[in-house]
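Counting with the working numbering, you get residues 9 to 142 for the letters of the sequence shown.
Calculated directly from the structure, the hints in this document are not laboratory data. Watch out, some of these pointers could steer you wrong.
[Stated by the list, open to error] Quick list of the computed label-pair ranges, beta carbon to beta carbon:
#1 Asn67 - His37: 34 to 44 Å
#2 Ile84 - Ile64: 26 to 36 Å
#3 Trp65 - Tyr33: 18 to 28 Å
#4 Met48 - Asp19: 49 to 59 Å
#5 Pro80 - Phe17: 46 to 56 Å
#6 Phe17 - Ala77: 53 to 63 Å
#7 Pro94 - Val41: 16 to 26 Å
#8 Ile64 - Arg38: 54 to 64 Å
#9 Asn90 - Val60: 27 to 37 Å
#10 His37 - Ala59: 31 to 41 Å
#11 Arg96 - Val41: 21 to 31 Å
Every value quoted in this text rests on a predicted model; they were computed, and no experiment measured them. Each residue gets a CB set at the ideal place from its N, CA and C atoms; glycine is no exception.
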Amino acid sequence: MKHGHELGFDDDGRPVLIAAAAPPYEEEHRQRVRKYLTLMTFRIPALILAAVAYGIWHNGLISLLIVVASIPLPWIAVLIANDRPPRRADEPRRFDKNSRRTPLSPSAKRHELEPGTRTTSQSEESNPPESEPN
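Using the sequences and the accompanying hints, generate a full structural model.
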């Protein structure tokens, strides 16, 4: 029995494998949330450890170092969680060095509106060319 291509079967009726397909968005999102929560679970114990260290050694420097080490954890957790999976070799590259770039600022060059007509800039209108001596 043959099935149509839209159902995911080839001409011989065998299912088409999609092993190279990207993981579903929900699965990727779940992994990213898990990474974020794992990194953030180290922050609260670090603050508790700082309090315990101060209670044991009465040394504010050790406690301060532990707190300072826990300050960048949310920033690091967000960066790691928002990072996409590594690009596969068969994925297309978005940057093309030969593509035409859009200029960041408008150029002073004016193009002709119709062939044979000439546009004048404001500087040419305010300063008409001097007539040549006869």
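Against the structure, the hints:
no.: 1; hint: Asn67 - His37: 34 to 44 Å; in the structure: holds, 43 Å
no.: 2; hint: Ile84 - Ile64: 26 to 36 Å; in the structure: holds, 27 Å
no.: 3; hint: Trp65 - Tyr33: 18 to 28 Å; in the structure: violated, 48 Å
no.: 4; hint: Met48 - Asp19: 49 to 59 Å; in the structure: holds, 51 Å
no.: 5; hint: Pro80 - Phe17: 46 to 56 Å; in the structure: holds, 52 Å
no.: 6; hint: Phe17 - Ala77: 53 to 63 Å; in the structure: holds, 56 Å
no.: 7; hint: Pro94 - Val41: 16 to 26 Å; in the structure: holds, 19 Å
no.: 8; hint: Ile64 - Arg38: 54 to 64 Å; in the structure: violated, 39 Å
no.: 9; hint: Asn90 - Val60: 27 to 37 Å; in the structure: holds, 32 Å
no.: 10; hint: His37 - Ala59: 31 to 41 Å; in the structure: holds, 34 Å
no.: 11; hint: Arg96 - Val41: 21 to 31 Å; in the structure: holds, 23 Å
In terms of the numbered hints stated before, the structure departs from hints 3, 8, listed from lowest to highest.
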